[in-house]
Amino acid sequence: MDNLLRVDELQIELITTRGVVRAVDGVSFCIDAGETVTIIGESGSGKSTTAMGILGLLPADLAVLSGHASFKDCDILANASALEKVRGRHIALIPQDPMTALSPVHTIGSQLRDAIRHSGVTGRSAQRTRAVELLDQVHIPRPTDQLSKYPHQLSGGMLQRVLIAAALAAGPELIVADEPTSALDVTVQASILDLLLELQERTGVAMLLITHDLGVARLMSDRIFVMKEGRFVEGGSAEALLGNPQSAYTKRLLDAVPRLDGHPGMEVPA
Amino acid sequence: MTEPLLRIEDLVVEYPVAGGMFRALNSVSLSVDKGTCLAVVGESGCGKSTLAKSVVRLLRPSSGRICFDGVDIAALSERKLRPYRSRIQMVFQDPYGSLDPHLSAVDIVAEPLRLRGIRSSRDRHTRAAALIERVGLPSTALRRKPAEFSGGQRQRIGIARALASEPELLVCDEATSALDVSVQAQVLDLLREIRSDTGLTYVFISHNLGVVREISDTIVVMKSGDIVESGSTADVLARPAQPYTKALRAAALDPTAMTGIKPRDVVSRLSLTRNPTATAQGAA
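So the sequences go chain by chain: V and C.
Heads up: the first sequence is residues 1 to 270, going by our numbering.
Heads up: the second sequence is residues 1 to 284, going by our numbering.
Don't read these hints as lab results, they were simulated from the structure.
Residues of chain C clear of chain V, computed beta-carbon distances all greater than 10 Å:
1) Val17
2) Pro83
3) Arg87
4) Pro101
5) Ala130
6) Leu137
7) Arg144
8) Ser230
Covered, in the sense of this in silico footprint (three residues per stretch, anywhere, with C-beta under 8 Å from a C-beta of chain C), are these stretches of chain V:
9) 181 to 188
10) 217 to 224
11) 248 to 259
We treat Cβ as the ideally placed atom computed from N, Cα and C, and that holds for glycine.
Required output: the full structure, derived from the provided sequences and hints.
Rendered as structure tokens:
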């Protein structure tokens, strides 16, 4: 099988002041090209730790990883230089909080250029052209004017678009999105999710989505895994899992979602 | 007709900004009957938190009236406001930032009791312990400090502290937004229980229409400092009249309502715009 990303029996232990905590306890899943796989769970379930562990973004002296993770059959868990080669080029990250993920003292243009340089584009004017192109792809109005702006001059939704543009810089095959819309208003969230779906349709990029929002998971995913206390309690196609949950925990999560009414705003516009 | 517990008329709040005044509330009027729950919904920056802060008089409105139990408190001096402070209480959005990290849970809840003039520390302790039990925390919680509690437990302490004043009106500013869905459901249950026990009146600020539907009787939808739609919660959510309310309604993703729909179909069904200029706004 040629999965894009394959994770086998991933286990992550974190060294904390209260001793060693097994945050991720034997998690296995795979993502095929173009597919969206979502891990849902509540705070502390280990969903973000799983994603950060795969990307090698946990502090090396405080996290102990075991198991296997391979990207296109190349081991990225054991082999740091292999991970370095794919990260930022073939695998990109969209972080949770757009307000803190960008440096407040550098312009949008200069931060975008860092990502573009990393992807191998050389020459200032070529990088600038690419930056404008990327901002245009994520539908930021008047992209040329935005390059000289600082993060505080843009709204949260616009900053999230800038981060998505940075993630797209190298034309990745897999995007890891860690709670990409949790810090945003509902209508802004909808427009960002829409953008991600559009980019996926156009480029065929696969996505590992981390969220606590069952509605977001249902909208975006082909397959969903439900995580609790470091383990997957259930996994399957988005439709089957949320339409007909098997585990008591998934049922409980679904029951806890405040309902709008029996048949909410899904009416097809004429 | 009895007088509503809270009646707001033509409320205007302006903040000074570079080059003039920013009008955060633009002549807002609403009323809340005793024992009911009014939800205020809208997005960041629509003025809903400014409205909450005005009602508890954490800020002084520029003009207009806030009549609480028949008395206009909008412009009362701090001294004259004093008796009303305990009758109107607030539960804050951030359970981490709104509790003093140095105090134990029982001391946090006992503080308003001291302000209410209960002299004996033993009485205060007994009452605070009863309140902490009332919000569903174990007796082992009394001596613990905020850092030792989870987010949901901290929000319960915030509710116990608000209840200590025996308020008639409780303003909840995004009180469950920072919580996980199962914890949110428990806190909403608690708020409903307290209402049926004590007849407490709520102003519930939220951006989550699902939450609002569960807890409120009436609703006002705010946009850019104006109320754009109001009415009974059931009516407004079932038949939103304003495009803005419809957009909010469509953007609320209900996982169970999407069954039978392919993921990529949902966006087109939501008829979302791919043009972001509707949501594009450079922050000031």
